[in-house]
Amino acid sequence: MKAFEYLSPTALKDVPALLTENAVVMAGGSDLLGLMKEGIVEPSRVVNLKNVAELKGIKPVKGGLRIGATVTLAELLESSDVRQQYPALATAAHEAGPPQVRNVGTVGGELCQRPHCYYFRIKQAPACTRRGGAQCPAATADGLSKWHAIFANDRTPDVSASDLAPALIAYGATVSILGADGKERTMPLEQFFVNDPKKETVLGAKEIVTAVTLPAVAPGTRGHFIKFKERDSYDFALVSVAVVVRTQGETVRDARIVLGGVAPTPWRSQEAEAVLVGKALIERTAAAAGEAAVKAARPLKDNAYKVQLARVLIKRALLATA
Amino acid sequence: MAGEKGRGSSGLSRRKFIGGVGTVVGAGVALSSTTVLQPAPVEAAPAALGPGAVPLKLNVNGRDVTVQVEPRETLAEVLRNHLDLTGTKIACDRGGCGACTVMLDGKTVYSCMTLAVDAVGKKIVTVEGLGEDHPVIRAFVKHDALQCGYCTPGFVVSGAALLMKKKNPTLDDVKEAVCGNVCRCGTYMGIFAALREAGGGA
Amino acid sequence: MPWPQNPRILGKRHPRVDGKAKASGRAKYGSDQNPKGLLFGAILHAPVAAGRLTKLDISPAKQVPGVKAVMKFPGIDVGSNIPYEGLPLVAVAATSPSVAEDALRAIVLEIQPAEPLVDHEKAMREGKHGQPNETGATQEEVDAALAKSDVKIEATYVTSVRTHCCMEPHGLTAQWQGEKLVAWCSTQSISGVQGHLRRSTNASDVQVLCDYMGGGFGSKFDADSWGVIAAQLAKEAGAPVKMFLSRAAEHHIAGVSPGGTQKFRAGANKDGKLTVVERVHYGDGFSLSAGPTYVYMPPAVTRNVFFPINLTAGKGRAFRAPSHPHMCFGTDQMMDELAHALGMDPLEFRIKNLNPDSSDPTRAMIDRTRIAQLRHGAELIGWSRRNNPPGAGKGPIKRGIGVACHTWGGGPHGNNTEVRIFSDGRVEVRTATQDIGTGTRSNIALVAAEELGLTPEQITVLIGNTDYPPDGGSGGSTTVGAVTSGAKTATEKAKQALFAKVAADLGATAADLEIGEGGKIFVRGNPSKSLTWQQACAKIGAEPIVGRRTQGETQPGLTSSGVAGVHFAEVEVDVETGKVRVVKFVAIQDQGFVINRLTCESQIRGGAIMGISWALGEQRILDPESGIMLNPDILNYRIAGPMEMPEIVPVVWDPPEVRARGVIGNGEPPVISPAGAIANAIYNAIGVRVRELPFTPDRILNALARKEA
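Chains as they are written, first to last, in my numbering: chain A, 1 to 322; chain B, 1 to 202; chain C, 1 to 709.
Just so you know, the hints here were simulated from the structure itself, not pulled from any lab data.
Be a bit skeptical, because a hint or two may be false.
[What the hints assert, rightly or not] Within a straight-line C-alpha distance of at most 20 Å, the following computed EDC-like cross-link-like pairs (lysine to aspartate or glutamate) qualify:
no., chain 1, residue 1, chain 2, residue 2
1, C, 20, B, 197
2, C, 235, C, 205
3, A, 123, C, 121
4, A, 229, C, 576
5, A, 146, C, 121
6, B, 107, A, 78
7, A, 146, C, 576
[Unchecked claim] Short derived list, chain B residues pointing at chain A, Cβ under 8 Å:
no., residue
8, 57
9, 71
10, 117
Backbone N, C-alpha and C fix where the C-beta goes; we use that ideal spot for every residue, glycine too.
Construct the complete structure from the given sequences, taking the supplied hints into account.
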């Protein structure tokens, strides 16, 4: 990779001023260093966030949890609060990578990881719009689209690779962002991700994620996460699904169903959620929810199989909560 | 920056480094008299290191060593090329195979995806630091958990880390612990048996 | 002397003598060498799959501080054709890998891209193939035979291109000592590398060293162009140079196992005998080495047609049992499909098409062995539990069992070995072979130890150095027979020389002496007249006793060639997700006389795993438009990992009849059958044929969807 200067601030207030032209922030580095080695990202300055005190730690807030951006996936897994109250998130953290990744990979980094599409990552390959290409090569007649989006795929149909995002969104998490002006703003995590041929999140060049916050979990809530991989040992999701369902007696009162690996952003299926509310969570209902979720799917040349995966994984995740 | 160009800052200990530390071999070991990067104390104002080579003090296998490296150099490169600790292998150089696995503060990491500068202040343990009589190494030999052997040290480190926190691991525990490592010769069965035995689980 | 009937240590389980060195990280591979003043090499590779070099200026690279030498590869200049991605263009040597990369970035390179050709089907459609090679019957004869057959099938089987993906990349560390060149190389053939460097440099002498190497699988037999240029850079820079390929370059240029398409038409009669088999195959470097019935008896009418294709992609190299896994994948599925068409048990159908009564004694022996292996494997896997009919069973998870068969040669290459016994009791065995992970060092130690009544730890095995007596390359499963027969003969000679030396002291002749446990030398029939090993060796004097085996000197019974092997796979297929899991795998292999049962089993398991890995996930993915490889790393190349592992039952098949044949290599055979066995197991599980590798969820779901449609 190209030479760069390295800074390691310890106070959050110092960070914005360090994010000069062509600077990047780094947490675990699992994603960034790969991009730098390939020459896809060539910063002249790397700002390490791991020593920033304010970005560390998991703290209880208002019955929920505030998870600092540099909390590692391993720390998330080790948190008994996370495991007990947000089991789908714990599973997602576990599934996000092998121990070597979980030990350094951070919540902020996992959410901000760039797409894993080869047209983005392989410099010699036809260029993705995210690195200056005019059109997504996967969307062309000759392109290979097996790993690509089945929803919202009319622009740059690579997929959101985050495993945490579907789980966090299903639990109704918000994300906090430190702006270039040094002020923090908070928004639903669902709105953090954008379907844009140039970028994947709302983050501006000089902005960083500082935390995600999970609301309190209402009684009767159950969650489940499934990540379906081609290679179980270590792989990105072909399709992942997080479901969080609140029932009262036998009846579903509230449901959130969020898919990963199927769209340029985490893909919440309100169609599927609507099928569930007011009904008992039995196999037929779960299957109907899966059906409803894929109704709007428009697969590309090579990825019709993902429609079936999404359909069945939603059913299975829902039944696992019943 | 705490380096040669002297843009120093109060955040870094400006300690004179005198002479070689430890018995390091190989290219690029700092023998010059310059400032050494130390773990940054809290409240430090940020200062830039590099892009040229800077002296880094690393704790490797229980010894402090100082190396003169650029911020872009990975821990795997520094271990292999500056410290001659070649048990840590580079096979994919992209965090996909585990041959470069080392421990930082007792946790396994891909050293090819870790900047050496990020390892300052942490206890680095490489396969050499386990010692040749480590139960995992003995069990690997007994169960023939290796063929060409190039991926083996990475598996050994992943396995040793598992046994630090888990006694009597199950087969699933073992698979989970080494799922970030790849063996091309196909020695997984021996690895599973070795780790279960070394952990007292079989 | 043949191998002992009741060996003391041979054939038992022995941990390899270099296991601790490898597991502890002490073992130094070629890529681990750090000679003083070392420079790091790096290569600028062609970034396109096809094109022509229009500009190349290397002078800016020379200006980068820390760069010590820059060189174009031979034949590379403006106007050069780019035949595939990754073609080496320029090499540099610098003080660190990062600086070497800076130098590559500084090079000015312009290429006029051309249209790549990366798709076999497209090449066939557009007639972009070479002259077909046809053997056997005519198409009309095949048509006629099919018309007369009770059942017939027509099917197309497609194998993916694998790359070797050795964990240690290809390369070497080169150092000049005056006019002599020393190279620490990651290689399967130190003699091959030596020859290559002798031809390609002006060195007065070339010494190649390889104590350890990180996998080759058929792809590491010479110095490669990058090894040669490393030597030249080292000469120019006046400093040693380490040059190992990047992982991407490994995938691009360090060898692939060519894949391709096999179109079968085949028939059989109700008696269970094949009547006709036709195979038309095409691919890049895909020429299949045996006829279309592979291990089975060819019927009267067979036809084989091959269309060569030249893709703009990295070229094939030998890959562990070259072409056999592909043949097995096609032929053993063809057999399965015919058995089902006949309504016969696929196992019985296979047996009916073997010939244990052949007049060819090798064929008879191998088929006799194979039938016994099939019967035994059927017991171990529980063949009677297989899904009947295929696709039966409730719920989304279907289980199925499949079988496939393979064969290989495995005879020895020529070998020279020297055994030295010293007055202090030390024993050294020298031969210029290399241990590619198979346990060669241990095999040699075990043989010498058996012969001398010692333990393997008492034997010093000196290999991996071209200064030792010459041996061949470790390819084709030829090494174990070569080095063990060599070690045996040379040790026997040294032993006889030692007997001659001490016979007078024991009041006997050399012919009367024997050696026992602990190396005790005694008079046959009178064990009280004896010398301990140390006492005997003390009489040797300053010069060691030497026993030599020279190439061409063979002893009958020590080695042979030709093996049978059968694999049974049990899979679970989730028909709702397309996920295939191999749950149990029985791998039965004969290899004649077994030297070390532990490493022998490792070889059988390792081969099975490599085959399972191909079946489940491995494939070189090329972009159809640009021809660029889209998964040139390890994560996305998807080698099977810990979670993909089934229960594996390795069976070392060595009844007395097999053992009596002598040592036969087993590096290649265990890798051949997994994909075929898994393909047949998937069919048994879901009742749908999936004829294209690898068996990823999309392939399974698409096949199921086609069936429903």
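Right, here's what the structure says about each hint:
1. For the given pair, residue 20(C) sits about 17 Å from residue 197(B) by alpha-carbon distance, which is consistent with the 20 Å threshold.
2. As the CA atoms of residue 235(C) and residue 205(C) are separated by approximately 14 Å, the hinted pair is consistent with the 20 Å bound.
3. Of the supplied pair hints, the one linking residue 123(A) and residue 121(C) is violated, its CA atoms being roughly 27 Å apart against a limit of 20 Å.
4. At roughly 14 Å between alpha-carbon atoms, residue 229(A) and residue 576(C) fall within 20 Å of each other, so this suggested pair holds.
5. With a C-alpha separation of about 19 Å, the suggested pair residue 146(A) and residue 121(C) falls inside the 20 Å cut-off, and the hint holds.
6. Distance restraint check for residue 107(B) and residue 78(A): the Cα-Cα separation of roughly 13 Å lies within the 20 Å cut-off, and the hinted pair is therefore satisfied.
7. Between residue 146(A) and residue 576(C), the direct Cα distance comes to roughly 18 Å. Compliance with the 20 Å bound is thereby established for this hinted pair.
8. The closest approach between the C-beta of residue 57(B) and any C-beta of chain A is roughly 14 Å, which is over the 8 Å cut-off, so the hint fails.
9. For the restraint placing residue 71(B) at the interface with chain A, the shortest Cβ-Cβ distance is roughly 4 Å, inside the 8 Å limit, so the hint holds.
10. Proximity of residue 117(B) to chain A holds as hinted, the smallest CB-CB distance being about 6 Å (cut-off 8 Å).
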